Structure formats: structure tokens, C-alpha cells
Amino acid sequence: MILSLFSHLSRRGVRLRSAARPARPPARMSAAAAWAAAVLAAALPAWPGAAGAAEPARLPVVASFSILADMARQIGGDAVDVHALVGPDGDAHVYEPTPADARRLAQARVLVVNGLDFESWLGRLREASGFAGQVVVASQGVAPRAFTGTEEGDGHGHGGDHDGDDHDHDHDHDHDHDHDHDHGDEHGHDHGHHHHGSADPHAWQDLRNGILYARNIAEGLAQADPARADAYRARAEDYVQRMRALDTRLRERFGALPAERRRLVTSHDAFGYFGAAYGVQVIAVAGLSTEAEPSAADLARVVQVVRRDKVPAVFLENITSPRLVEQIARETGAKVGGTLYSDALSPSGGPAATYLDMFEWNAKQLLDALQP
Amino acid sequence: MVDALHALAWAPFEQFGFMRRALAGSLALAVSCGPLGVFLVLRRLSLMGDALSHAILPGVAAGFLFAGLSVGAMTLGGVATGLAVALLAGGVARATPLHEDASFAAFYLIALALGVLLVSLRGSSVDVLHVLFGTVLGLDDAALRLVAGVSAATLLALAAGYRLLVAECLDPGFLRSVGGPGTLAHLGLLALSVLNLVAGFQVLGTMMAVGIMMLPAASVRFWVRTLDRQLALSSLLGAASCYAGLLFSYHLNVPASPAIILCAGAVYAASLLCGPRGGLLARRFSRPAAAILQGDVK
Numbered sequence: 001m002i003l004s005l006f007s008h009l010s011r012r013g014v015r016l017r018s019a020a021r022p023a024r025p026p027a028r029m030s031a032a033a034a035w036a037a038a039v040l041a042a043a044l045p046a047w048p049g050a051a052g053a054a055e056p057a058r059l060p061v062v063a064s065f066s067i068l069a070d071m072a073r074q075i076g077g078d079a080v081d082v083h084a085l086v087g088p089d090g091d092a093h094v095y096e097p098t099p100a101d102a103r104r105l106a107q108a109r110v111l112v113v114n115g116l117d118f119e120s121w122l123g124r125l126r127e128a129s130g131f132a133g134q135v136v137v138a139s140q141g142v143a144p145r146a147f148t149g150t151e152e153g154d155g156h157g158h159g160g161d162h163d164g165d166d167h168d169h170d171h172d173h174d175h176d177h178d179h180d181h182d183h184g185d186e187h188g189h190d191h192g193h194h195h196h197g198s199a200d201p202h203a204w205q206d207l208r209n210g211i212l213y214a215r216n217i218a219e220g221l222a223q224a225d226p227a228r229a230d231a232y233r234a235r236a237e238d239y240v241q242r243m244r245a246l247d248t249r250l251r252e253r254f255g256a257l258p259a260e261r262r263r264l265v266t267s268h269d270a271f272g273y274f275g276a277a278y279g280v281q282v283i284a285v286a287g288l289s290t291e292a293e294p295s296a297a298d299l300a301r302v303v304q305v306v307r308r309d310k311v312p313a314v315f316l317e318n319i320t321s322p323r324l325v326e327q328i329a330r331e332t333g334a335k336v337g338g339t340l341y342s343d344a345l346s347p348s349g350g351p352a353a354t355y356l357d358m359f360e361w362n363a364k365q366l367l368d369a370l371q372p
Numbered sequence: 373m374v375d376a377l378h379a380l381a382w383a384p385f386e387q388f389g390f391m392r393r394a395l396a397g398s399l400a401l402a403v404s405c406g407p408l409g410v411f412l413v414l415r416r417l418s419l420m421g422d423a424l425s426h427a428i429l430p431g432v433a434a435g436f437l438f439a440g441l442s443v444g445a446m447t448l449g450g451v452a453t454g455l456a457v458a459l460l461a462g463g464v465a466r467a468t469p470l471h472e473d474a475s476f477a478a479f480y481l482i483a484l485a486l487g488v489l490l491v492s493l494r495g496s497s498v499d500v501l502h503v504l505f506g507t508v509l510g511l512d513d514a515a516l517r518l519v520a521g522v523s524a525a526t527l528l529a530l531a532a533g534y535r536l537l538v539a540e541c542l543d544p545g546f547l548r549s550v551g552g553p554g555t556l557a558h559l560g561l562l563a564l565s566v567l568n569l570v571a572g573f574q575v576l577g578t579m580m581a582v583g584i585m586m587l588p589a590a591s592v593r594f595w596v597r598t599l600d601r602q603l604a605l606s607s608l609l610g611a612a613s614c615y616a617g618l619l620f621s622y623h624l625n626v627p628a629s630p631a632i633i634l635c636a637g638a639v640y641a642a643s644l645l646c647g648p649r650g651g652l653l654a655r656r657f658s659r660p661a662a663a664i665l666q667g668d669v670k
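In the order they appear, the protein sequences are chains A and B. Taking the numbering used here as reference, the numbering of the first sequence is continuous, increasing by one, and the terminal residue is 372. Taking the numbering used here as reference, the numbering of the second sequence is continuous, increasing by one, and the terminal residue is 670.
If you are wondering where the hints come from, they were derived from the structure by calculation, not from laboratory data. Because the structure is a prediction, the values reported are computed rather than measured. Do not rely on the hints blindly, as some may be mistaken.
Unchecked claim - Away from chain B, derived, C-beta distances all over 10 Å, residues of chain A:
(1) ALA79
(2) ARG104
(3) ARG109
(4) GLY279
(5) GLU360
Stated by the list, open to error - Restricting the straight-line Cα-Cα distance to at most 20 Å, the calculated cross-link-like pairs of lysine to aspartate or glutamate (EDC-like) are:
(6) A/LYS364 x A/ASP238
(7) A/LYS364 x A/GLU260
(8) A/LYS335 x A/ASP309
(9) A/LYS335 x A/GLU260
(10) A/LYS335 x B/ASP513
(11) A/LYS335 x B/ASP512
Beta carbons are placed, not taken as given, at the ideal position from N, Cα and C, and that holds for glycine.
Please construct the entire structure, taking both the sequences and the accompanying hints into account.
Now the structure itself:
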């Protein structure tokens with residue numbers, strides 16, 4: 001009873017989970033840790049290399065989810081010890097922190113978050129853990145994309161008889177929710193996309209934002225660990241160069257696609273920045289957050305656009321259920337183009353274990369499926 | 373006029389395969405869940421559906437962990453843990469002084485906790501729950517076959533065991549005194565409920581599946597008196613709620629499963645108010661008449 005109740009509630013944006021969780025680690029656990037530390041301290045002098053290791057310990061860093069954790073690892077190298085709260089293939093829109101998370105956070109000196117209201121569960125965890133270190137908001141400086149429903153704002157021809165008359169849609173809708181007024185449509189949509197704020201948080205899906213992320217993280221690490229500041233900045237610049245190179249390559253590749261095939265149909269609206277950066281039109285069933293349950297109208301709208309524009313492929317996401325996208329494929333004859341990594345990396349060994357690998361993988365899936 | 377009605381009430385199903393699938397799946401579910409709910413109400417097990425819906429969670433989660441998003445594995449797991457909880461609770465109630473509702477509560481809470489634990493084992497996340505909760509808009513062939521099969525089997529089983537079930541629900545003491553297999557009837561009812569809830573969670577999600585089972589069943593007694601009519605009407609009301617809910621979801625852009633259950637809830641509220649048999653309005657207006665009649669007799 002309770003479970004399904006709050007699972008339904010939390011999909012609607014009411015969060016009960018973390019409130020019900022003890023935020024402090026159990027006392028027995030810390031006693032055990034203290035005991036282990038004592039044993040370790042006693043044993044250390046006997047360790048041959050330990051006495052000579054004057055090198056300062058690795059900087060403990062906690063990142064809210066796997067993509068930020070990878071960036072911090074790339075920039076920090078061996079000097080940092082990074083832990084991701086929401087791991088590979090995990091959904092950071094909704095997450096239930098554990099006592100172990102609180103303990104890790106309490107011991108960390110740097111916390112890397114995305115910002116743009118992405119990790120709504122994190123504030124409470126931060127307070128509960130007593131974290132007192134440096135907070136890096138990775139998305140600082142990013143020009144946030146306003147949330148305007150989906151970019152395909154005009155796919156509202158419900159009767160099927162609008163098919164011919166609404167082809168003027170290749171512009172970005174910067175206005176709010178008024179894109180269905182000109183259709184004489186009697187159904188008053190108010191797009192119940194339940195999202196966190198008014199800005200789209202998925203900024204990392206544009207490599208040029210990735211560059212901002214990398215620099216922000218490098219500055220954060222440098223401030224927390226000034227002794228190695230130069231090393232962090234140098235590694236970040238190297239990383240930025242790799243991002244730049246990939247960015248240029250992807251722009252060329254996507255630019256070479258015929259404009260009418262540059263369509264990305266997927267389950268939740270995570271690729272807005274990607275679409276804006278590489279000229280791909282994004283059509284998503286659900287809103288920005290994975291929490292919302294889409295309506296029949298949402299699904300019908302996407303099906304109609306896919307049919308009308310003969311979109312060749314639709315794409316699954318690693319963090320959401322494949323059911324709806326498969327339904328669209330069945331319904332329209334579009335093929336399922338593969339799994340995109342939107343809000344989380346794959347486990348190591350998978351195809352998208354790092355941020356750059358994720359980008360390469362997503363681009364390859366899209367290009368392979370959309371190439372005429 | 374006819375065109376407008378067609379656009380409102382039928383065109384969505386004509387244009388979209390996913391709407392037809394949703395309608396077929398939810399109708400099949402409603403047709404078998406309604407009568408089952410009526411028996412549960414009669415047997416005073418109305419809250420059992422809710423308990424059972426959580427009892428299936430650990431099995432479904434285990435099925436998902438082992439085999440991924442496979443209808444077969446999740447169904448098998450769900451049925452297994454659902455039946456285990458039903459049997460254990462029933463057994464404890466018969467072997468110890470603990471009443472059946474108390475032992476049911478104990479076992480289903482244990483199952484629920486186990487389910488949450490299993491779900492969390494797969495990494496960090498609540499995303500498994502998103503996968504676990506079915507969506508009526510995403511029904512594939514396997515899920516449709518499951519729901520249709522369960523629905524047909526349930527109706528056949530109810531027909532075959534009808535007299536037994538009626539006796540068990542209305543007068544279990546009598547059934548036992550004549551040596552009837554009362555335990556069998558009781559367990560059969562619970563087993564069918566488990567089966568329908570497992571099928572229902574593919575379609576509507578667990579909590580919503582209980583809704584389509586209990587709300588029509590609670591509505592029918594306000595309209596008709598005899599059991600056979602109640603059974604038929606419960607299927608009908610459930611089916612109508614599914615149809616209306618899907619249309620609401622389509623035209624008003626609201627999520628489908630809650631829309632279906634809210635329609636069933638509206639039917640219940642209307643029955644409560646306007647039902648001729650014990651509905652609030654009927655009682656209010658018939659009472660003075662009864663008083664006058666009684667006065668006349670005196």
C-alpha cells in the first residue's frame with residue numbers, strides 16, 4: 001500500500017522517500033569504522049612504504065551522478081577519489097539517498113552537482129550529512145534552455161486531418177505553451193509535463209557546455225586543493241581540447257545529414273541541448289523529468305509526428321522503460337534505433353562508460369539510424 | 373453531430389494502435405476483475421486485494437532482476453510470492469489464534485519490504501520501479517496475451533466454481549457442515565486474485581489494478597440485488613470506466629491509469645449517491661414515506 005502510494009506520489013513530484021530515511025549512519029557502523037581506523041593506524045608504521053609516503057592523501061570528491069563523476073575523475077586523475085551518488089544506469093531525477101551516501105558526503109571535501117534544479121533530492125542529504133566542503137555547481141555559466149514543452153511544439157493535429165497544414169515548425173519555440181493556439185483545436189492542452197523548474201537541466205548534452213562543466217570542476221578542485229591547482233587546470237585544458245575536437249567532428253557529421261532526417265524521437269526530454277547544438281529536432285513523449293507518467297495525448301502527438309514526417313528511427317534511453325518507445329515503433333513502422341545514454345553513463349566496460357564515450361556512442365546510434 | 377461524437381468517442385481508437393491495445397488490455401482486465409471483486413466484497417476481503425498487490429512485488433522484482441523486462445519471468449515471480457503470502461497467511465490463521473487479517477498484514481508487509489530491498493539491489497535506483505509499474509499505453513503483445521489469458525481463465529474458473537464460491541461467501545459454516553471444500557474455495561478465490569493482480573500490474577500498475585477490482589464491486593450493490601446481476605454489472609462498470617478513462621487521457625492530456633481509476637471512482641460516488649438500493653438520496657427520500665406507512669399501520 002505504502003510503496004505504490006508513494007511511488008505514484010513521487011512520480012508526481014511529491015517526495016516522501018528521503019524523509020522516511022534515517023540520514024545519519026547507524027552508531028554501530030561508526031564504532032566499527034573507528035575501530036578499523038585504530039587498527040589501521042597501529043599497523044601503518046609497520047608498512048614499509050607508508051612512512052615515506054609524504055604525499056598528501058587523495059582528495060575525496062562526491063559527485064551527484066555518474067557523468068559528473070567521470071568529469072571529476074578525468075580532471076583530478078590520481079589525485080582525487082571520486083564517488084558518484086547515483087551510479088551508472090541510475091536515474092538522478094528520483095533518487096533515494098542511503099545512510100552510506102550521507103557518510104560519504106560528510107567525509108568529502110568537494111561536492112560536484114549539476115545545478116539547474118536537477119538533483120532535487122540533494123539539498124536534504126547535504127544538510128543531513130553536515131557536509132562542509134566546497135560545492136561545485138558544474139552548470140554555472142551555462143545559458144539555460146527554457147522549458148517549452150517539447151521542441152516539436154505543434155504536433156497537435158489530433159483529428160489526423162491537420163496533416164497537411166502544419167509544416168511551418170522548424171523554429172525553436174521560445175514562447176511559453178502557446179504553440180497550439182493556431183490549430184482551431186478544441187482540446188485545451190496545458191502540457192502536463194511535470195518538470196523540476198523552468199530550465200532544462202540536461203545541459204551536459206552539449207559538448208560546449210561540457211567544456212564549461214570541466215572548467216568549473218577544475219576551479220572547484222583547485223580551490224579545495226590549492227597545492228595541486230595547476231595540475232587540475234592543466235588536465236582540464238587537455239580534457240577541453242578533446243571535447244572541442246569531438247564537438248567539431250559531430251557538428252560536421254550532423255550537418256551532413258539531410259535536414260528532414262535530423263529527428264530524435266525518445267522517451268523523456270533529455271536531449272534539448274543536444275538538439276540545439278547539433279541541429280537535431282527533439283521529440284520526446286514525456287517531459288524533462290522521468291517522474292511524469294505520459295498521457296495518451298502525449299503519445300498520440302509523438303506518433304502523429306513520426307508518421308507525418310516519416311521519421312526513420314526512434315530511440316530508447318538507458319534510464320527509462322523501453323515500453324513506450326517500442327509502442328511508437330510498433331505503431332509507426334519506425335525502427336528502434338538503439339539505446340541512448342541520456343542522464344547516466346553505462347557501467348565500466350559498457351559502451352558509454354565515460355562522458356566522451358557516451359557522446360560518441362549516442363552520436364553513432366543517431367547517425368547510423370538516421371543516415372539515408 | 374455524428375461526426376463530432378465519432379471524433380470524441382471512437383476516432384482515437386481508430387487512429388492509434390496503442391489506444392486499441394490499451395482498450396483491449398484494460399477491458400479484459402476489467403471484465404475478470406469486477407466479478408472477482410464482488411466475491412471479495414461478499415467474503416469481506418475487500419482490503420485483501422491491496423495486501424496481495426504488495427505481496428507480488430518481491431516476486432516481480434526478482435523476476436526483473438534475473439530476466440530483465442520479461443513478462444513471463446515477472447509474472448511467474450509475482451504469482452509465486454503472491455500465492456506464498458496468501459497460503460502462509462491462511463495457514464497461520466488456521467494453525468494459531470492470530471486472525472487472518474493480522475497474519476495477512478504481517479506477511480504482506482514483510483513481502484513489501486523484501487520487494488523494496490530487491491528493487492534497491494539493482495544499483496541505486498528507483499528507476500526499476502518505473503519499469504515495474506506497467507503503463508497501459510505501453511502494452512506489447514506478450515502483456516496483452518497474458519491479460520487476455522488470465523481474464524479468460526478467471527471467468528472459466530468462476531463459472532466452474534460458482535456454487536461453491538457462493539456457498540463459501542454467504543454461509544461458510546453451512547458449507548463446512550455439509551463437508552464442502554470451503555478451504556479450497558477460499559484459496560481458489562485468493563489465487564485468482566493474485567493472478568489478476570499480476571496481470572493487472574502489467575496494465576495499470578499494482579495499486580491501480582486493485583482499483584479496477586474493488587471500485588466497480590463496491591458500486592454494484594447500490595443498483596442490483598441478486599449476485600448474478602451484480603457480477604455482470606461489475607464487469608460492465610469496470611469496462612466503461614476503462615473506456616472513459618482512456619478517452620479522458622487522450623482528450624484532456626492526463627496520465628491514463630489514474631484517469632481510469634478516477635472514472636471508476638466517479639462511478640462509485642454516483643452509485644453511493646444515486647443508487648436506488650441504499651444510495652444516500654434514495655434513503656433520504658424513502659425514509660419519510662416509510663414513516664408514513666408505519667404510521668398508517670399503527
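Right, here's what the structure says about each hint:
1. Here A/ALA79 stays apart from chain B, with its beta-carbon at least about 26 Å from theirs, past the 10 Å limit.
2. With 10 Å as the threshold on Cβ separation, the claim that A/ARG104 sits away from chain B holds: the shortest Cβ distance comes to roughly 12 Å.
3. Every beta carbon of chain B lies more than 10 Å from that of A/ARG109, the smallest distance being close to 22 Å; the non-interface claim holds.
4. Under the 10 Å C-beta cut-off, the non-interface status given to A/GLY279 relative to chain B holds; the minimum distance is some 29 Å.
5. Distance to chain B confirms A/GLU360 as a non-interface residue, since its nearest Cβ pair spans about 23 Å, more than 10 Å.
6. Of the supplied pair hints, the one linking A/LYS364 and A/ASP238 is violated, its CA atoms being roughly 24 Å apart against a limit of 20 Å.
7. Between the alpha carbons of A/LYS364 and A/GLU260 the distance comes to roughly 18 Å, so the proposed pair stays at or under 20 Å and holds.
8. Using a Cα cut-off of 20 Å, the hinted pair A/LYS335 and A/ASP309 holds, with the two alpha carbons roughly 14 Å apart.
9. With a C-alpha separation of about 17 Å, the suggested pair A/LYS335 and A/GLU260 falls inside the 20 Å cut-off, and the hint holds.
10. Taking the CA atoms of A/LYS335 and B/ASP513, the gap is near 17 Å; set against the 20 Å cutoff, the hint holds.
11. Of the supplied pair hints, the one linking A/LYS335 and B/ASP512 holds, its CA atoms being roughly 15 Å apart against a limit of 20 Å.
The earlier numbered hint that this structure contradicts is number 6, and it is the only one.
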